[in-house]
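Visitor: Just need the whole structure built from these sequences, with the hints factored in.
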Amino acid sequence: MQDPNEDTEWNDILRDFGILPPKEEVKDEVEEMVLRLQKEAEVKPYEKMNLKQLKEAEDEFDEEDRKAVEMYRKRRLEELQKGQRFGELREISGEQYVKEVTNAQKGVCVVIHLYRSSIPLCVLINQHLSLLATKFPETKFVKAIANSCIENYHDSCLPTLFVYENGEIKGKFIGIRECGGTNLTVEELEWKLAERAAAAGLEGASRSPAGEWAEY
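Here the sequence shown stands for residues 1 to 216, where the numbers follow full-length UniProt numbering.
If you're looking for bench data, these hints aren't it; they were derived computationally from the structure.
None of the values given here were measured: they were computed from a predicted structure.
Using N, Cα and C, we set each Cβ at its ideal position, and we do this for glycine too.
Warning: the hint list may mix true and false statements.
Stated by the list, open to error - Using C-beta positions, here's what the derived DEER-type ranges look like:
no., residue 1, residue 2, range
1, K67, S118, 56 to 62 Å
2, K99, K172, 18 to 24 Å
3, L131, G167, 22 to 28 Å
4, K74, T134, 22 to 28 Å
5, E95, K172, 17 to 23 Å
6, I169, I119, 17 to 23 Å
7, E91, E168, 20 to 26 Å
8, Q127, K74, 32 to 38 Å
Guide: Have a look at this one:
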């Protein structure tokens, strides 16, 4: 018996008279591949959501999507945690200076504050830097007691701020006058740092007309 699905002239005649059902068309492999890739490329709604939105909308997803959402949430958390590489003002010693500052990872902007706790403006700047470290986790903020880094460093040079990138000093800010005085605000300090940070993590910082970085 002849195969009704066989591609023959006789079968075509039988189909024309309705004796055989229309032949089922086989999709082109390329077409199938394109359709599959298009489907895979479709952006799920949850991929446009932040973590809070995912939590609020999780009841709207089916079981399959819930599993995908959970995996996506974990991935987003990992990305956020990875992005927050620093996020705090850290104390270092003079012995750590080269490793933590001069030889810091390539492309990382480092702000170091040489201070003495008996100087009020040093205390204020440390408070401001703690806030900025949280705001700009991609920038490395460290502080060190001045004499642990530079022996017999004179108090008249304190506070001292250096901005490093790729082992080079991009800016320096030495003494009370250059720091903006005892009434320095965190916004003014943010602006001063941003001016010399070479767009290495402090982009979008507040802008203020106060002060300029000293040229190196």
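Visitor: All the hints need checking, so say for each whether the structure fits it.
Guide: Quick rundown of the hints versus the structure:
no. : hint                    : in the structure
1   : K67 x S118: 56 to 62 Å  : holds (58 Å)
2   : K99 x K172: 18 to 24 Å  : holds (20 Å)
3   : L131 x G167: 22 to 28 Å : holds (27 Å)
4   : K74 x T134: 22 to 28 Å  : holds (24 Å)
5   : E95 x K172: 17 to 23 Å  : holds (22 Å)
6   : I169 x I119: 17 to 23 Å : holds (22 Å)
7   : E91 x E168: 20 to 26 Å  : holds (23 Å)
8   : Q127 x K74: 32 to 38 Å  : holds (35 Å)
Checked against the numbered hints listed earlier, the structure breaks none of them; every hint is satisfied.
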